[in-house]
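Peer 1: Whole structure, please, built from the sequences with the hints as guidance.
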Amino acid sequence: MECRRCAVHCDKVVYPGACLARACPFVYSYEGWGHTYVGCMQKVYEVEIDIDMLRAAEARKPGFGAIRAVRRPLPMCKAEVEPTYQSRSDDVGCVNPEFYELPVGRPTFRVFAQLSSD
1 MECRRCAVHC
11 DKVVYPGACL
21 ARACPFVYSY
31 EGWGHTYVGC
41 MQKVYEVEID
51 IDMLRAAEAR
61 KPGFGAIRAV
71 RRPLPMCKAE
81 VEPTYQSRSD
91 DVGCVNPEFY
101 ELPVGRPTFR
111 VFAQLSSD
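Going by my numbering, the sequence shown opens with residue 1, and the numbers climb by one from there.
Hints may be right or wrong, so weigh each one.
Derived CB-CB ranges, DEER-like [unchecked claim]: (1) V47 <-> A23: 33 to 39 Å; (2) G65 <-> T36: 16 to 22 Å; (3) K61 <-> Y28: 25 to 31 Å; (4) D52 <-> P83: 27 to 33 Å; (5) G34 <-> V81: 35 to 41 Å; (6) W33 <-> R68: 23 to 29 Å; (7) G34 <-> E82: 28 to 34 Å; (8) Y28 <-> R72: 16 to 22 Å.
If you are wondering where the hints come from, they were derived from the structure by calculation, not from laboratory data.
Using N, Cα and C, we set each Cβ at its ideal position, and we do this for glycine too.
Peer 2: Encoded structure:
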C-alpha cells in the first residue's frame, strides 16, 4: 500500500494490449479454470490478465488501458508516466521524478528556484 495524501505522485504504466500487438517475446500464457491468462515473464507488471477480456476491451475505445509497472519497462514496452491527483499539481509536478533510478542523459525533471530580493 502507498500513501498518497501529499502532493502529486506518478506511476510508470504499461499497456498490456500493446504487448500482444507488438508480439513481445516476454508475454506468456497459461490455461486455468476454463480461461487463458497472459502475463509478463520479466514481471514489468505483476498481474495476469484473462486474454478474452483483454481482447474484448482492446476492440472498443479506449481499449484495455494501462496498468502500473512494478519494474522498469523494457524498450519494447508501450509505457508512460501517469500522475495521480492532478488537481494537486504545481510547477514541480511529480514528487518522485526519478522513480528511484539514475537519470540517463538529461534529467527527466525540472528544477525551479524562487529568488527573493531581500
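Peer 1: Please go over all the hints and tell whether each is borne out by the structure.
Peer 2: Hints and how they fare:
no. : hint                    : in the structure
1   : V47 <-> A23: 33 to 39 Å : 20 Å, violated
2   : G65 <-> T36: 16 to 22 Å : 20 Å, holds
3   : K61 <-> Y28: 25 to 31 Å : 28 Å, holds
4   : D52 <-> P83: 27 to 33 Å : 31 Å, holds
5   : G34 <-> V81: 35 to 41 Å : 37 Å, holds
6   : W33 <-> R68: 23 to 29 Å : 24 Å, holds
7   : G34 <-> E82: 28 to 34 Å : 33 Å, holds
8   : Y28 <-> R72: 16 to 22 Å : 19 Å, holds
When the structure is compared with the earlier hints, a violation turns up for hint 1 alone.
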